[in-house]
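Sequence order for the protein chains is C and R.
As numbered in the numbering used here, residues 1 to 323 make up the first sequence, in order.
As numbered in the numbering used here, residues 1 to 325 make up the second sequence, in order.
Honestly, the hints are just simulated from the structure, not real lab data.
A hint or two may mislead.
[Stated by the list, open to error] Computed list of lysine to any residue pairs in SDA-like fashion (alpha-carbon distance at most 25 Å, straight line):
(1) C:Lys275 - R:Leu104
(2) C:Lys267 - R:Gly34
(3) C:Lys147 - R:Gly274
(4) C:Lys275 - R:Leu201
(5) R:Lys273 - C:Asp216
(6) C:Lys204 - R:Asn257
(7) R:Lys204 - C:Pro265
(8) R:Lys267 - C:Leu257
(9) C:Lys268 - R:Leu104
(10) R:Lys267 - C:Asn247
(11) C:Lys267 - R:Gly217
(12) C:Lys268 - R:Gly141
(13) C:Lys268 - R:Asn206
(14) C:Lys275 - R:His154
(15) R:Lys138 - C:Thr137
(16) R:Lys138 - C:Asp310
(17) R:Lys202 - C:Ile262
(18) R:Lys245 - C:Asn270
(19) C:Lys241 - R:Asp92
(20) R:Lys273 - C:Thr137
(21) R:Lys147 - C:Pro284
(22) R:Lys284 - R:Tyr13
(23) R:Lys202 - C:Arg271
(24) R:Lys267 - C:Leu199
(25) C:Lys241 - R:Lys267
(26) C:Lys9 - C:Arg295
(27) C:Lys268 - R:Lys284
(28) R:Lys293 - C:Asn270
(29) C:Lys204 - R:Ser261
(30) R:Lys267 - C:Thr137
(31) C:Lys241 - R:Arg268
[What the hints assert, rightly or not] From chain R, some residues computed to sit far from chain C (all C-beta separations above 12 Å):
(32) Asn206
(33) Leu255
(34) Lys267
Just so you know, even glycine gets a beta-carbon here, dropped at the ideal spot from N, CA and C.
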Amino acid sequence: MSEAILEVKNLKKHFPIYKGAFRRKVGDVKAVDGISFKLKAGETLGLVGESGCGKSTTGRTILKLLDPTEGSVKYKDKDVLNAPKDEMLKLRREMQIVFQDPYSSLNPRMTVSQIVGEALIEHKLYKKGKELDEYITEVITRCGLAKYHMNRYPHEFSGGQRQRIGIARALALNPSFIVADEPVSALDVSIQSQVINLLTDLQKERGISYLFISHDLGVVKYISHRIGVMYLGNLVELSEKNALFDNPKHPYTQALLSAIPIPDPTKKINRILLKGDIPSPANPPSGCKFHTRCRYAKDICKEQVPEFRDLGGEHFVACHFAK
Amino acid sequence: MDKLLEVKDLKTYFYTDDGIVKAVDGVNFSVESGKTIGIVGESGCGKSITAMSILRLIPDPPGKIVNGEIFFNGKDLTKVSDEEIRHIRGNDISMIFQEPMTSLNPVFTVGDQIMEALILHQKLSEEEARKKAIQMIKLVGIPRADKIVDEYPHQLSGGMRQRVMIAMALSCQPKLLIADEPTTALDVTIQAQILELMNELKNKLNTSIMLITHDLGVVAEMSDHVIVMYSGKVVEDAPVEELFKNPRHPYTIGLMNSIPSLIGEGKRLESIKGAVPNPLYLPKGCYFHPRCKFATDECRNGQPELREIASGHKVSCFRAEEVGR
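One chain only, chain R, in its complex shape (with noise of 0.2 Å):
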């Protein structure tokens, strides 16, 4: 297959006044064009910084990526000079953010966002940028497109901010669009109507898409492959089918087992006790083992590799074999 996105041992640190935090930590990982991967992970975990990582929005300071390389068509992210990286972010590489409120612009029109990206990438005229910013309207769903593009985003609702936001990210056609919890904030009918758009698309232009969310619902409805992470590592990273009939990682097994509709009537829930750790003071030895019920003095001394169980299922614990669901 071809791999439009390689990632490659990242690491993003932030240095602050406390300390040192390791918010990705040697992520590896890799998309397929015109597939869905998806990135699971509670708050915390590093996912939004990976992604963040990838369009280099990370602020520096206190933020900088202090290793790994980043391939995308063969190119290095990490590498490339900032004006080629402004060449990419909006045209080849999109991003949908999960509050569609604030990262929009409020003072200017919906119409004037979409066409920004359209003048400054595909060097359209402001009439023909015009037309193409109605179109994506149209395409995303929205009724009344001629006049909504002069509206403000105050004046729409969640769901069509929502769609706005993913207008934009699509206009100019990317080959890879990263979703950072794109439903988040919205009901679940319109969450309903946002990811069927968002499959249209990527079957209609072929697009990729990185998905990052904490719902395993989504994840298990519109990805291919998945990528676990915690406290900015990858645990597990499995195709979709495989990860959910088989999963391997304590922390992977439990996040199922809390879920109450893979749960079941009647049986009680079974929480993964404690919290996440603080970045600043990580455990020793696997970042998980304080949390989980399986570690041995092997856990809490050493750090477990990411390492292929299976054809494509790879899990970095070291009783993998042992546990399941």
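Only chain C is shown next, with the shape it has when bound in the complex (with noise of 0.2 Å):
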């Protein structure tokens, strides 16, 4: 594969919060503590992680949805957060986003064709009319959708159509780059295989990158070439996906793929069961983060934060007894 086309280093986003009749600020809810990963073109990485650990808000910051607290993105060599601001119009139109919810990403008063075309328009790529027109029918065609679909509301779609309309929006403006913050998971599965495989196929076609963010452990094994695995705020593993499969460094992700139902009744998992809830990333633990649940940890954990360090053929990992 190719040269990486984005790079993140040491990404930071921390939310203040505040108190008191005076608005002080008290603290930090450290939703992304400081990450790092490249991402090479025409490959997806998926980034997987319970509710809370800050895998939406990387995806954000990295658009620059978000403002980020430190650190750096560079899309093609491109500092995209500080980035002038006709700069940064035209790298909007490279990396684009699909959001979870369709339901809520859609403006309810807009027509499908509107909504496709709104980016079109305002990047000045087309002017109303027939030729416009007839690029939407191309998008929405694509996205399994028909002509006659085009004047319609969101309303008057499935929940897989109306991603199917999210897709086609990212996709108008033909980006190199998506960010899907977990397109699938509202949808039932046999939906679900229509929306990865439409996913797949435009990889194929035109060789966009994904950061495929999801919590289905299962779809992001099946979309991915590698995988990052967050934890409160941190990547705790990052590996090609097989590696990380068949021999999960991090206790935390051994936890995590040992968690996952196994659709075969025949077969028995040993389960690690992890001890209570994921702590508040308003104050998280000292030292490695996971080590109030760890099976394994020592004293050193409390104390020292570890490193994330390649075990050797880019496996990385954060925990000081991995090997």
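Since each chain comes alone in its own frame, lean on the hints to assemble the complex.
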């Protein structure tokens, strides 16, 4: 695979907490707390983790939909986070997002052709008229909708169809990078597979890179080339997907993978049950953030933050004891 | 085997302004004591309405149980008086819902809510009920039970709330626990904890479980027997190993082929084309035929009956013998 098109370095996003009559700042929710990775052209990087681990915030901060607290994001060697306005406008064309909830992410007062065409007009790629309509028809047909859908409103569609509209909207600008934030989580299984197939086909045709965010590990394994596992705002493991699934190194990854129910009644898995819940990201544990739930935790884990190191073959792990 | 619950030809219809919605349309199944039955299907297939019909929780109007019998311990629940069913709810049969936040009352403490059923059904005094509530909270694995008992639902995490729901549902030691998507809103690690807990309690208290879910992984792991529903009808009914080894209904096969982990690397997911039909305008013939790749004229005109094709394995498909995964 070719060069990295996206490079994220030490990205942090903290949300301040205010309290009291004078709105004094009392702390930070450390949603994303220093993560780094690269994404190559035509590659899918899966980002998994439990709710509240910061995976969606990561996706949004990369696109500068949220202002980062610290760190840098480079897209094709351009600095995304400090780009001047006109440069940013160009970048937006190349970097798109598909949202999780196909119900709240489409404007109910706009028709499909308005939703898909809005950005095209905004970026002055097309003017209203026949040409635009033809292009929109082409895009939505590619996403599995038909021409007669163009003048309908979102409420007339099912969940799966709405997600197709969301994908068509992202696709219209011909982006080379799409953040897919839980794009199939709200859909039924039979519909889910239609959308996954669409995403993989588009990648083959156009060489789009995806940052695929999901909590469904089965889906992530199917669609991704590499997978990153997040816990409380940090990446704890990042590797090629088979290496990760066959030989998980971080105790959290091990527990997470063993928790997936297997659709085969004859198989019994040795489940590693984690104790308790995820700690609050406003007040994360010292040292290794996972030590409170880790069955291997020693004293060093409470004191020192483990380094995110390469164990060989680009298999990165943040654990003192991983070999 | 002794059947704890037997549902016979259940039909629950909703009379709306636009027409009659046959949410549950002739469903038959039974639950043996100490066993888990899984009910699988996509949104709108009638699985939750089936569960709510058992407890007579269907809002009437517009809903109505128009036909069928529901035998629980030999009693027909569709015929018992309102007072009797109130006595059964939460006592002999209890239910866990999908969304633990909306099914807990935000203005009462966790303890109050668990105690309510104990005082009402088991006739415990307030003090005894409180003790029992703390004991139940401990049983479902929540730490600091004596503190949590006085906390409100919003102070707990999603996993903890679901545990509270389970504690509440099990406090009266019901014979049947209906769990409607109990882990859908939870993360996998928490899901694993909850499923483990349900299994443990089932073994300890010999409770039967009716598990409603769309996740075939969860079904494979938890159930002894599975029924698959589509558009208000049972399309396949089999013991769990048989169903996964030898699925016979094209819909069941389609579901399995659309799960990434069952398909394997590099292979294309096989999706079921189209979407679930609108319950107001169901297709003629077999309800699945517009989405089925095996459909023939027979399927377009006639509706297949649920028939036994192997011991304990029932399918409603004309071509069940020919199709396979």
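Hints, one by one, checked against the model:
For the proposed pair Lys275 (chain C) and Leu104 (chain R), the alpha carbon gap of about 24 Å is at most 25 Å, so the pair holds. Note on Lys267 (chain C) and Gly34 (chain R): the hinted pairing holds, with a Cα-Cα distance of about 21 Å set against a maximum of 25 Å. Simply put, Lys147 (chain C) and Gly274 (chain R) have alpha-carbon atoms about 17 Å apart, close enough for the 25 Å limit, and the pair holds. A C-alpha spacing of about 18 Å is found between Lys275 (chain C) and Leu201 (chain R), which places the hinted pair at or below 25 Å, so the restraint holds.
Distance hint between Lys273 (chain R) and Asp216 (chain C) is fulfilled; the C-alpha atoms sit about 22 Å from each other, no more than 25 Å. The hinted pair formed by Lys204 (chain C) and Asn257 (chain R) meets the criterion: a straight-line CA distance of about 22 Å does not exceed 25 Å. Among the hinted pairs, Lys204 (chain R) with Pro265 (chain C) is consistent with the structure: their alpha-carbon atoms are about 22 Å apart, no more than 25 Å. The straight-line distance between the Cα atoms of Lys267 (chain R) and Leu257 (chain C) is roughly 21 Å, inside the 25 Å bound, and the hint therefore holds.
For a cut-off of 25 Å, the pair hint linking Lys268 (chain C) to Leu104 (chain R) is broken: about 34 Å separates their Cα positions. A distance of roughly 22 Å separates the Cα atoms of Lys267 (chain R) and Asn247 (chain C); the hinted pair therefore holds under the 25 Å criterion. Between the alpha carbons of Lys267 (chain C) and Gly217 (chain R) the distance comes to roughly 11 Å, so the proposed pair stays at or under 25 Å and holds. The straight-line distance between the Cα atoms of Lys268 (chain C) and Gly141 (chain R) is roughly 23 Å, inside the 25 Å bound, and the hint therefore holds.
With a C-alpha separation of about 22 Å, the suggested pairing of Lys268 (chain C) with Asn206 (chain R) holds against the 25 Å cut-off. With a C-alpha separation of about 21 Å, the suggested pair Lys275 (chain C) and His154 (chain R) falls inside the 25 Å cut-off, and the hint holds. Straight-line distance between C-alpha atoms of Lys138 (chain R) and Thr137 (chain C) comes to about 59 Å, which puts the hinted pair past the 25 Å bound. For the hint pairing Lys138 (chain R) with Asp310 (chain C), the CA-to-CA distance comes to about 42 Å; that exceeds 25 Å, so the pair is violated.
Annotation: proposed proximity of Lys202 (chain R) to Ile262 (chain C) holds, straight-line Cα distance about 20 Å (limit 25 Å). About 22 Å separates the Cα atoms of Lys245 (chain R) and Asn270 (chain C), which keeps this hinted pair within 25 Å; it holds. Taking the CA atoms of Lys241 (chain C) and Asp92 (chain R), the gap is about 47 Å. The hint is violated against a cut of 25 Å. With a CA separation close to 21 Å, the supplied pair Lys273 (chain R) and Thr137 (chain C) stays within the 25 Å bound.
Only pairs whose Cα atoms come within 25 Å are accepted, and Lys147 (chain R) paired with Pro284 (chain C) is accepted, the gap being roughly 22 Å. Simply put, Lys284 (chain R) and Tyr13 (chain R) have alpha-carbon atoms about 18 Å apart, close enough for the 25 Å limit, and the pair holds. For the hint pairing Lys202 (chain R) with Arg271 (chain C), the CA-to-CA distance comes to about 19 Å; that is within 25 Å, so the pair holds. A hinted pair counts as satisfied when its Cα atoms are at most 25 Å apart, and Lys267 (chain R) with Leu199 (chain C) qualifies at roughly 14 Å.
Between the alpha carbons of Lys241 (chain C) and Lys267 (chain R) the distance comes to roughly 16 Å, so the proposed pair stays at or under 25 Å and holds. About 30 Å separates the Cα atoms of Lys9 (chain C) and Arg295 (chain C), which puts this hinted pair outside 25 Å; it is violated. The straight-line distance between the Cα atoms of Lys268 (chain C) and Lys284 (chain R) is roughly 42 Å, outside the 25 Å bound, and the hint therefore fails. The straight-line distance between the Cα atoms of Lys293 (chain R) and Asn270 (chain C) is roughly 38 Å, outside the 25 Å bound, and the hint therefore fails.
Restraint check for Lys204 (chain C) and Ser261 (chain R): the C-alpha separation of about 21 Å stays at or below 25 Å, so the hint holds. For the hint linking Lys267 (chain R) to Thr137 (chain C), the alpha-carbon distance of about 29 Å lies beyond 25 Å, and the restraint is violated. With a CA separation close to 17 Å, the supplied pair Lys241 (chain C) and Arg268 (chain R) stays within the 25 Å bound. For Asn206 (chain R), the requirement that its beta carbon stay farther than 12 Å from each beta carbon of chain C is met, with the minimum near 21 Å.
Its beta-carbon lying about 6 Å from the closest one in chain C, Leu255 (chain R) breaks the requirement of being farther than 12 Å from that chain. Its closest Cβ contact with chain C, about 9 Å, brings Lys267 (chain R) to no more than 12 Å, contrary to its assignment away from the interface.
Going down the numbered hints, you'll see the structure goes against 9, 15, 16, 19, 26, 27, 28, 30, 33, 34, while the others check out.
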